[in-house]
Structure formats: structure tokens, C-alpha cells
Amino acid sequence: MNVEATIELVVVFKKGISPEEAEATMRSLGRPFREGMDSSRGKIYFYSTGPKFRLPVSPDEAPALTKRLGKMRQVYEVYKADWNIVKD
Numbered sequence: 001m002n003v004e005a006t007i008e009l010v011v012v013f014k015k016g017i018s019p020e021e022a023e024a025t026m027r028s029l030g031r032p033f034r035e036g037m038d039s040s041r042g043k044i045y046f047y048s049t050g051p052k053f054r055l056p057v058s059p060d061e062a063p064a065l066t067k068r069l070g071k072m073r074q075v076y077e078v079y080k081a082d083w084n085i086v087k088d
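Residue numbers 1 to 88, in my numbering, belong to the letters of the sequence shown in order.
It is worth saying that the hints were derived from the structure and are not from the lab. Bear in mind the structure is a predicted one, so any value in this text is a computation, not a measurement. There could be a bad hint or two in this list.
As a list, the in silico PhoX-like pairs of lysine-lysine whose alpha-carbon atoms are at most 20 Å apart [stated by the list, open to error]:
{"#": "1", "residue 1": "Lys67", "residue 2": "Lys80"}
{"#": "2", "residue 1": "Lys67", "residue 2": "Lys52"}
{"#": "3", "residue 1": "Lys80", "residue 2": "Lys43"}
{"#": "4", "residue 1": "Lys14", "residue 2": "Lys43"}
Start from the sequences, fold in the hints, and give me the full structure.
Quick look at the structure:
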């Protein structure tokens, strides 16, 4: 995967999902990831959801991965990180 041609998906788990379960789900993808999210959603969103991870992907892979992750019962939302939006 060309590093310059990557975007980051933010994978947000539902509140109540343990960090261990969320991390196991992310590891099951067999791809590199790290904890965190962008700041486009704000503090209320941050505190009302569960663990969050950043997943670098190519723009071509993003739709299929978003769909796959979105079908998982423990996932609240998957969205493309937007580093231009800064909320409290």
C-alpha cells in the first residue's frame, strides 16, 4: 500500500465494548491500526461511544472495509477521518 495514497478510517465501537474485545476485533482484520480518532466529532461523541481506532487504508479499500466493519454488532460507526474539522 502506497503510504502517500492512504486515508484513515476511524472505527468507533459501541459504549460498553471492552477495550480488549475492540482490540481483538481490530487484530482480526490482519492490518496495522492504532488507538485514537480525529477531532471532528467533539467531546460529547467521544464520551458517549466506546473504544476508537485509526485504520490506514487505500481509498480503493475504504468502501469494502467500511461495509465489513459496519456489519459487526460491536461497531458503532466507521468514518473517514477529517483532519480539517476541529471541535471542542
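Each hint, compared with the structure:
no. : hint             : verdict
1   : Lys67 with Lys80 : holds (12 Å)
2   : Lys67 with Lys52 : holds (17 Å)
3   : Lys80 with Lys43 : holds (18 Å)
4   : Lys14 with Lys43 : holds (15 Å)
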